[in-house]
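**Student:** Sequence:
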Amino acid sequence: MILLTGFEPFGGADFNPSQAIAERAADILRRQGHQVITAELPCVFATAPATLAVLLERWRPRVAISLGLAGGRKDLALETVAINHIDARIADNAGQQPIDVPVREDGANAYFSTLPLKASLQALGEPVDGSNPVDAAISYTAGSFVCNQVFYELMHHLGDVPEARAGFIHVPSMEATDPYMEDLAGAVATVARLALDNVAEPLYSAGTEF
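Heads up, the sequence shown is in the working numbering, so the first residue is 32 and it goes up one at a time.
Worth flagging that the hints you see were computed from the coordinates, not collected in a lab.
Glycine included, every Cβ here is placed at the ideal spot set by N, Cα and C.
Watch out, some of these pointers could steer you wrong.
To be verified - Dumping the calculated SDA-like pairs for lysine to any residue here, alpha-carbon to alpha-carbon at most 20 Å:
| # | residue 1 | residue 2 |
| --- | --- | --- |
| 1 | Lys105 | Asp58 |
| 2 | Lys105 | His188 |
| 3 | Lys105 | Met205 |
| 4 | Lys149 | Arg91 |
| 5 | Lys105 | Pro203 |
| 6 | Lys149 | Asn229 |
| 7 | Lys149 | Pro133 |
| 8 | Lys149 | Pro164 |
| 9 | Lys149 | Met205 |
| 10 | Lys149 | Pro40 |
| 11 | Lys149 | Ala237 |
| 12 | Lys105 | Phe143 |
| 13 | Lys149 | Thr111 |
| 14 | Lys149 | Ile117 |
| 15 | Lys105 | Tyr211 |
| 16 | Lys149 | Arg224 |
| 17 | Lys105 | Asp191 |
| 18 | Lys149 | Gly190 |
| 19 | Lys149 | Ala168 |
| 20 | Lys105 | Arg62 |
| 21 | Lys149 | Tyr235 |
| 22 | Lys149 | Asp166 |
| 23 | Lys105 | Ile169 |
| 24 | Lys149 | Leu234 |
| 25 | Lys105 | Gly190 |
Said to hold, decoys possible - Each pair of labels, with its calculated beta carbon distance range:
| # | residue 1 | residue 2 | range |
| --- | --- | --- | --- |
| 26 | Glu39 | Leu227 | 26 to 32 Å |
| 27 | Leu227 | Lys105 | 16 to 22 Å |
| 28 | Ala122 | Leu227 | 21 to 27 Å |
| 29 | Asn229 | Val132 | 33 to 39 Å |
| 30 | Gln127 | Glu157 | 41 to 47 Å |
| 31 | Pro210 | Val85 | 22 to 28 Å |
| 32 | Arg104 | Asn229 | 26 to 32 Å |
| 33 | Gln66 | Phe241 | 37 to 43 Å |
| 34 | Glu232 | Arg104 | 31 to 37 Å |
| 35 | Arg91 | Ser204 | 21 to 27 Å |
| 36 | Gly238 | Val132 | 38 to 44 Å |
| 37 | Pro193 | Gly126 | 38 to 44 Å |
| 38 | Gln63 | Gly156 | 19 to 25 Å |
| 39 | Ala125 | Thr239 | 32 to 38 Å |
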């Protein structure tokens, strides 16, 4: 079972491409014979973790990927690490703006993705299943808003489950009619398949200086 989640629109926007990409990626995976569940998470600090926890408990996915919007990025960001810190630049959809508080009071400082990030980065540079190559990068910060909170909670629940693979991907901003969305959906589907196959990570640097 694969679980893909996106987010509802936030910050006054009327569209969030993360959910649309999750749905399209699910369609691709279903056509390939995989069982996939999708869900839209609220952009609300108080309720997003519980919504995610219910999904994880109900479906017990082998692969879980949460998608979120990173408006300032131009590429697909394969997130490496979730931190136990919230510092909201803007209010969430419930009007709350927590500043300098932990995701979990007694939680680990950070959790790392268990998706095959470098293998995925290599694969996304080539055409896959009719989709064009996409611009992608490994990212070392998922921010400090609800995206990071959900990423942290996802790994808190699944990070130590041996057979599970989980992580977070940020998608760039785009209009609902942008044809590039289909390529990004194909990329997300590729990451999910590689995680299902438990592919080994290649040894090469995808690091940054800053």
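**Student:** Hint by hint, say whether it matches the structure.
**Tutor:** These are the hints, each one checked on the structure:
1. Lys105 to Asp58: Distance ~24 Å between Lys105 and Asp58 Cα, so the pair is violated.
2. Lys105 to His188: Distance of about 30 Å is beyond 20 Å: violated.
3. Lys105 to Met205: 10 Å, holds
4. Lys149 to Arg91: 25 Å, violated
5. Lys105 to Pro203: 5 Å, holds
6. Lys149 to Asn229: 13 Å, holds
7. Lys149 to Pro133: 29 Å, violated
8. Lys149 to Pro164: Judged against 20 Å, a Cα distance of about 15 Å means the pair holds.
9. Lys149 to Met205: Since the Cα atoms of Lys149 and Met205 sit roughly 25 Å apart, the hinted pair is violated (cutoff 20 Å).
10. Lys149 to Pro40: Violated, because 29 Å separates the two Cα atoms, which is more than 20 Å.
11. Lys149 to Ala237: This hinted pair holds, its Cα atoms lying about 7 Å apart.
12. Lys105 to Phe143: Distance of about 23 Å is beyond 20 Å: violated.
13. Lys149 to Thr111: Within the cut-off at roughly 10 Å; holds.
14. Lys149 to Ile117: Status violated; Cα separation ~27 Å.
15. Lys105 to Tyr211: Roughly 12 Å between the alpha carbons, so the hint for Lys105 and Tyr211 holds.
16. Lys149 to Arg224: Holds, because 14 Å separates the two Cα atoms, which is no more than 20 Å.
17. Lys105 to Asp191: 32 Å, violated
18. Lys149 to Gly190: Answer holds: Lys149 to Gly190 is near 18 Å, not above 20 Å.
19. Lys149 to Ala168: Cα-Cα ~9 Å, so holds.
20. Lys105 to Arg62: Answer violated: Lys105 to Arg62 is near 28 Å, above 20 Å.
21. Lys149 to Tyr235: Roughly 8 Å between the alpha carbons, so the hint for Lys149 and Tyr235 holds.
22. Lys149 to Asp166: Measuring from Cα to Cα gives roughly 14 Å; hence the hint holds.
23. Lys105 to Ile169: Holds, at roughly 13 Å.
24. Lys149 to Leu234: Holds, at roughly 8 Å.
25. Lys105 to Gly190: Given pair Lys105, Gly190 is violated - Cα atoms ~28 Å apart, limit 20 Å.
26. Glu39 to Leu227: 26 to 32 Å: For Glu39 and Leu227 the Cβ distance comes to about 27 Å; the hint holds.
27. Leu227 to Lys105: 16 to 22 Å: The hint (16 to 22 Å, Cβ to Cβ) is violated, given that Leu227 and Lys105 are roughly 28 Å apart.
28. Ala122 to Leu227: 21 to 27 Å: 37 Å, violated
29. Asn229 to Val132: 33 to 39 Å: 36 Å, holds
30. Gln127 to Glu157: 41 to 47 Å: 43 Å, holds
31. Pro210 to Val85: 22 to 28 Å: With a Cβ separation near 34 Å, Pro210 and Val85 fall outside 22 to 28 Å, so the hint is violated.
32. Arg104 to Asn229: 26 to 32 Å: 28 Å, holds
33. Gln66 to Phe241: 37 to 43 Å: Since the Cβ atoms of Gln66 and Phe241 sit about 41 Å apart, the hinted range of 37 to 43 Å holds.
34. Glu232 to Arg104: 31 to 37 Å: 23 Å, violated
35. Arg91 to Ser204: 21 to 27 Å: At roughly 33 Å between Cβ atoms, Ser204 and Arg91 fall outside 21 to 27 Å, so the hint is violated.
36. Gly238 to Val132: 38 to 44 Å: Given a distance of about 30 Å, which is not inside 38 to 44 Å, the answer is violated.
37. Pro193 to Gly126: 38 to 44 Å: 40 Å, holds
38. Gln63 to Gly156: 19 to 25 Å: Taking Cβ atoms as reference, Gln63 and Gly156 lie about 21 Å apart, which means the hint holds.
39. Ala125 to Thr239: 32 to 38 Å: Roughly 34 Å apart at Cβ, these two residues keep to the hinted range, so it holds.
Going through the hint list in order, the structure does not satisfy hints 1, 2, 4, 7, 9, 10, 12, 14, 17, 20, 25, 27, 28, 31, 34, 35, 36.
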